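Asker: Turn these sequences into a full structure, and let the hints guide you.
Each chain, written out:
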Amino acid sequence: MTPILEVRDIHTFIGQFHILEGVSVSVASGGITVLLGRNGAGKTTTLRSIMGLTPPTRGSIQFEGNPIQGKSTHAIAQMGIGYVPEHRAIFKGLTVRENLILAERKTGDYARKADFIFELFPDLKRLIELPGGNLSGGQQQMLAVARALVPDNRLLLIDEPSEGLAPVIIEQLIAAIQRLADQVSVLLVEQNFRVASKLAQSYVIIEEGHSRVNGAMNELVGDQSLIQRYLGVA
Amino acid sequence: MKTMQAPNQPTWRHWLRGNAFLFILLIGLILFPFIVGALTDSSPFGVPRGDRMIMRGESVRWQSVLIEVYILAILAMSYNLLFGFTGVISFGHALFFGVAGYVLGLMLEFTAIETGWALLLGALAGIAICGVLGLVVGLVTLRLKGVYFAIFTLAVAEMAFIFFGRWQLTRAEDGFAITELPLWLDPSQNRLNFYYVTLIAVVITFLFIRRLVNSPTGAVFKAIRENEDRAQSMGFNTLNYKLLSLTIAGMLAGAAGLLQVILNKKVGPELLGVSYTVDPLLMTIIGGIGTFSGPIIGAGGLHFLDVFLRDAELNLGGLVIDIANIWALLLGIIFILTVIVFPFGIIGTWQRWRARRKPPA
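Chain order of the listed sequences is A and B.
For the first sequence, this note's numbering begins at 1 and goes up steadily by one.
For the second sequence, this note's numbering begins at 1001 and goes up steadily by one.
Keep in mind that the hints were calculated from the coordinates and are not lab data.
Take the hints with a grain of salt, since some may be wrong.
What the hints assert, rightly or not - Now the in silico label distances, taken between C-beta atoms and shown as ranges:
1) B:Ala1355 / A:Ala111: 25 to 31 Å
2) A:Ala111 / B:Val1147: 40 to 46 Å
3) B:Phe1023 / A:Ser29: 45 to 51 Å
4) B:Trp1353 / A:Gln16: 42 to 48 Å
5) A:Asn192 / B:Trp1353: 49 to 55 Å
6) B:Gly1332 / A:Gln178: 38 to 44 Å
7) A:Arg8 / B:Pro1343: 47 to 53 Å
8) B:Thr1011 / A:Asp115: 41 to 47 Å
9) B:Ala1155 / A:Arg58: 32 to 38 Å
10) A:Asp9 / B:Ala1155: 49 to 55 Å
11) B:Trp1353 / A:Glu129: 17 to 23 Å
Note that the structure is a prediction, hence the values are computed from the model and not measured.
The C-beta atom is built at its ideal place from N, Cα and C for all residues, glycine as well.
Answerer: Here it is as C-alpha cells:
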C-alpha cells in the first residue's frame, strides 16, 4: 500500500541550530504512526516541518504523492492535513462554536461533521457557547482535535495529546483517536509510551535529529532492549 | 436537556435590549446641541447676522468639541480594527488620515470642479486612495512581523509628512485653507448639520466594524491576533486577511481625515503628524483594546481632558502652574494611572469584572 505521507531525509534549521539532521517518516494510509524519542529529539520540529512552519532546507516531503516541501503553511493545510499542535492550541478568546466554525474549509463543514464530532467528544456539545479559555485542559485538547476534524482532512498531525492530562481524560482521548483513525490517517507524537503503544500500529524513533529505527508497534512492545536504548530514562 | 435557543421574542426587541445603553447614548447625543442650548440659553444654530450665521454661543462651541471627539473616535475605531482585532501594530496610521485630507483639499481648491461635485469626488477619491495605499503598504510590509512592520509603517508615514511639508503646490508647511464648501455642510455656517454628519459617520463606522468582526472573516482576524501560526495551520492565508484588515482600517481612517479637513477648513502636513498615530493608539488602549465601544470612550475621555485641562491653571499655594506647559507630562501620568487601574482598558476591564460577577449559566 502506498503511504499517505512520505518524509525523506529532511534537514531543518531553527535560527542557526541544525535541529533535524535527516529524518525519514512514512505514514501508512489508514492507520496511526507514532513518533517516539526523548525530549528535544526533534519530534515536534518534524511535525512543524511537515506543516511548513519551520521549512526544511533539504529532503523531500510527499503527501498523497505530491511534493509539499516549500509550500506555504496555509497551502499545505488546504491540501488536507490537519495539525493539532501541543499545549492545547485552541483560540482562547473564541467560543467553542467559533473555534469549530473557524476550522471550516468549505461553508457547511461544521454542520456536516457536528454529529460525528459530538459523538467523539460529547462534552463539547454542552460547552459550545463558552470561550475556549474557560475549558479544562482535557476539554481544550478535545476541542483542538475536534477542530482538525471539521474539514475533510485525510491526515492529522497530533502533538502530545496526553500531556498534562488526568488518566481518566487520557482514556477518553485514546478512545476518540482510535475511532477517528477509521476515517483519517494519523501521525502522532507521544511521550507516554503506554498511550503510544495502545494507539499506534507503527512507530519511528527519533534521536538527536535523526530517525533511527522504525517498524511495527507490536514488535517494539516486545523488544525491551530497544525501548531501553532509545526511550529509557536511565 | 437545556437548549441554546434565543429567548422567544421579536428580534428587534432582543436587539434593543442588548444595545440599550448605546441606544440611550445615541439619543442623548442627537439631542445634545438642543439640551446645551436650552441649559445655556444659546441657539444651536449660532447667531444670525445679516444673511450669514456667526458661530457664537455655548451650544455651538460644544458641538465642535463633540465633532472632534467623533472624528477621533472614527480614527481610533479604525486603529482598533487593525490593532485590537487583528493584532497588527501600525505606527503609521496618520498616513491615511492625512492623505485623504489632502486629496479632498486638492479636489476642492485646486480643480475647477463645481463645489458639490468636488466634495463628493474628493471624499470618494480620498477613501479609495487610502484603500489602495493600505493594500500597497501592506503588500510590501505585512510579511514583516511585529516591530519590523510597525517601524516600516512609521517610516512610510514620516515620508509622506516630509513630502507634503515641502510640496510647494500645497504651500508646504503652511498648508492651505478650504474656502469652497457647500453651505449646508460648512461648519462655520451650519455647524449643526456637520455635527449630525459626523455623528452618523460614527454610528455607521461602529455598526460596520461590529458586523465585520462578528462575521466569519472577523473570526479569522481574531484567530490571527491570538496565534498566526495556528491560523495558517488551519489553512488560512493570513497575509490576505491582514491585508484586508489594513485596507479597511486605512479607508476608515481616511474618512476621519476627510471630516477633520472639513471641520478645520484647512489642510496641512500636521494631518500626517505622528500625533494622529499616537492619539488613536492611546485612546484604544485606554478605552479597551479589542472592544467595540472602547475606542469611542477613549477618544471622548482623552479629548475632554484635553479641552478642560489644557487651558486651566493650577494654583499651588501661590505658585501658579500653567497646565498647557506640563500637558504632555500630565497626559503621561494619566496614561500610566489608567493602565494600572484598568489593565484591559476601561471597557475591557469593566467587561471582565461583569463576567466574573455573573458567570454564564
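Asker: Now look at each hint and say whether the structure bears it out.
Answerer: For each hint, the structure was consulted:
For B:Ala1355 paired with A:Ala111, a C-beta distance near 29 Å keeps the hint of 25 to 31 Å intact. Hint check: A:Ala111 to B:Val1147, Cβ distance near 41 Å, so the stated range 40 to 46 Å holds. Checked against the hint of 45 to 51 Å, the pair B:Phe1023 and A:Ser29 fails, with Cβ atoms roughly 58 Å apart. Between B:Trp1353 and A:Gln16 the CB atoms are about 46 Å apart, so this pair conforms to the stated range of 42 to 48 Å.
Separated by about 40 Å at the C-beta atoms, A:Asn192 and B:Trp1353 break the suggested range of 49 to 55 Å. A hinted range of 38 to 44 Å is violated for the C-beta pair B:Gly1332 and A:Gln178, which are about 59 Å apart. Distance hint for A:Arg8 and B:Pro1343: a CB-CB separation of about 50 Å, consistent with the stated range 47 to 53 Å. At roughly 28 Å, the beta carbons of B:Thr1011 and A:Asp115 sit outside the given window of 41 to 47 Å.
Our hint of 32 to 38 Å for B:Ala1155 and A:Arg58 holds, since their Cβ atoms are close to 37 Å apart. At roughly 43 Å, the beta-carbon separation of A:Asp9 and B:Ala1155 lies outside the given 49 to 55 Å, and the hint is violated. A hinted range of 17 to 23 Å for the beta carbons of B:Trp1353 and A:Glu129 is consistent with their spacing of about 20 Å.
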